[in-house]
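There are 2 protein chains.
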Amino acid sequence: MGTRRAVLGGIGAGLAASALPAWAQGRRKLGYAIVGLGNYATNQIMPRIKDCEFAELRALVSGTPAKLEQFGGQYGIPKTHRYSYQDYDRIRDNPDIDLVYVVLPNSMHAEYSIRASQAGKHVLCEKPMAVSAAECEAMIAAARKANRKLMIGYRCHFEPYNLHAVDLVKSGFVGRPTLITAEHGFYAQAGQWRLSRPFSGGGSLMDIGIYSLNAARYLAGEEPVQISAMESTDKRDPRFETVEDRIDWQMRFPSGLIANCVSSYSSGHNAYRVTGTKGWVGMEPATPYEGHKMWTRANGQTSAVELLPPAKNQFVGQLDHLAESVLTGMPLRASGEEGLRDMRLIEAIYRSAREGRAITLA
Amino acid sequence: MGTRRAVLGGIGAGLAASALPAWAQGRRKLGYAIVGLGNYATNQIMPRIKDCEFAELRALVSGTPAKLEQFGGQYGIPKTHRYSYQDYDRIRDNPDIDLVYVVLPNSMHAEYSIRASQAGKHVLCEKPMAVSAAECEAMIAAARKANRKLMIGYRCHFEPYNLHAVDLVKSGFVGRPTLITAEHGFYAQAGQWRLSRPFSGGGSLMDIGIYSLNAARYLAGEEPVQISAMESTDKRDPRFETVEDRIDWQMRFPSGLIANCVSSYSSGHNAYRVTGTKGWVGMEPATPYEGHKMWTRANGQTSAVELLPPAKNQFVGQLDHLAESVLTGMPLRASGEEGLRDMRLIEAIYRSAREGRAITLA
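Chains as they are written, first to last, in the working numbering: chain A, 1 to 362; chain B, 1 to 362.
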């Protein structure tokens, strides 16, 4: 179990304030290229890069010339730093680009991450890391071969309430953890790429259920050894012609801890709780962009917990983390291996639901 | 599904104020014999019988002469109405006893319910109804043969918050229900009969998990068609030499609704929530003796719900219900068939966990 805990490593570790070595202080910021100018990239990521300590926005990649024009103008990106998917590989020749953030539909993650690695760039790739474990392994191999970093966009690993929940569990606040519940879902509107398997690689599990999965793992601080899943999808609903609606699953961990996880495209869920022999810690919402609410229970008393605003919010923290890791050599908190672990479990969840049996994990 | 809903029948139905026919008004109350003078009987049940409209305490059955002496004196029960287990069958000859409430360890439920039926008495038996579906069937057969009623002590079927939650779900308040979570558990102290299989027939599932099971069913308003379960018991813990600690399970219902249920002897849980396409209704604690707390969520707003105190609390409501049903002939809200349904599901939960596969229900 010691080893299993150790491999999670990242989350909760390295929370101390930046310890940039003297040589790096005053150094120019590293430059991000954003690949894919969809809603998440343009509304959540790009407006926040300006708040980074170690990175700035330097290039854009999109298949839509009008978007390159619009956002290139808005963010002052010169035409030489705007790329189509056809000339994407030319980023290799642009020394202003150090980091590539892949914010494309899931099925394009592997290709565009690998091409970025091959172009000699460090990669931040949105979750899910890809649409299969095999793709994840290829991405890791490409980054390793290029001797470049590969990080996955698990923003909650940089969010103070989530980190505090991890700390509380680790500290023994809840006693010996016995149960984790982790629930994520929203009503998916028709007509989005997330509902088309060729783009998404799967349904709610790939998109939102992965938050339940990843949270269960970082809250547990160990890796599951058994998974049992149950799917519920109304195939008459045109939204679900190619992907699943809901899939809920149980995971057993080496300590005996069980996690009950929820993933839904038909109802709203955003909560988790870790219960142990002494009490519990929970959040609802647990993984929003902002507005986290936390409660703890101990000695028969339920208490609300409020944290001070952090110096960097989760988006900025994540963006800066890759840059800081490149500059200082400090280990990544959410590496490609972390993304691969989730993807292997996602495959086991699908398999368990399909075969109607518990899957024992290697 | 119409039929499946119909078979649940009881809960939520018959909530109107007593409609005792004229012939029954002014009739003497029916008399209860309490079988088993343990903690629950003496602290929760017996003190409340005085508040019943249709029943009163008339006899006691115990294997401990000192308890018969103590509680017989306290409740004014004459020596002629105090029975040992050896002379239990002589209740047949006591016309003051109309109703028998079996509050014994689980493994004794079947025998003492059947002997009560054979003595011509109506039976209220604590849950779990027995320790196997076969025993439940024998109890039902004995009551039917004697033409007497058999009710199971599902007190939550008489508890206003629980009934309101059922009504909210039925009314469409949460939209189409997609997920039920139902969690019950407590830290079981060593040295109780509940931890000894010969008395309990099983661990937390028989004792406290049955609340998660029964609540999921009454909240769903339909019967599950598939069950998948995962057990976690530390066999090195001397409490768990013969029974399980924790067992969590998923149930799929015909509508597509999934229930994630928890049962624990190592951590405290008492909550449920029904989430649907429009919102949710939840309680925590959900099934306590008193102090229920309810919340609903709709239109992005979470609201606390407080109900006025009921005319009869859940204990009195349950005790009176059997008496009123005997007096008026109205159908029982929590019959032996209801107890049998839970026991069949309990057997499927154990089987699923043991075999590591989903069980499809007939």
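Treat the hints with caution; some may be incorrect.
Since the list gives no way to pick one copy over another, a pair counts as held whenever it fits inside one copy or between any two copies.
Taking lysine-lysine and the DSSO-like style, the derived pairs with C-alpha atoms no more than 30 Å apart in a straight line are [said to hold, decoys possible]:
| no. | residue 1 | residue 2 |
| --- | --- | --- |
| 1 | Lys235 | Lys170 |
| 2 | Lys312 | Lys278 |
| 3 | Lys278 | Lys293 |
| 4 | Lys29 | Lys145 |
| 5 | Lys278 | Lys235 |
| 6 | Lys170 | Lys278 |
| 7 | Lys29 | Lys312 |
By construction, these hints were calculated from the structure, which means they are not laboratory data.
Against the structure, the hints come out as follows:
1. For the homomeric pair Lys235 and Lys170, the shortest alpha-carbon distance between copies (24 Å) is at most 30 Å, but the shortest distance inside one copy (42 Å) is not.
2. Neither within a single protomer nor between protomers do Lys312 and Lys278 lie at most 30 Å apart by alpha-carbon distance, with minima of 33 Å and 34 Å respectively.
3. Within a single copy, Lys278 and Lys293 get their C-alpha atoms as close as 21 Å, and across copies as close as 21 Å, so both meet the 30 Å cut-off.
4. Taking the shortest alpha-carbon separations for Lys29 and Lys145, only the intra-copy value of 25 Å comes in at or below 30 Å, while the best inter-copy value is 86 Å.
5. In this assembly of identical chains, Lys278 and Lys235 lie within 30 Å of each other by CA distance solely across copies; the values are 20 Å between and 43 Å within a copy.
6. For the identical chains of this complex, Lys170 and Lys278 are intra-copy neighbours only, at 13 Å inside a copy versus 36 Å across copies, given an alpha-carbon limit of 30 Å.
7. Proximity of Lys29 and Lys312 under a CA criterion of 30 Å is satisfied intra-copy only: 16 Å inside one chain copy versus 71 Å between copies.
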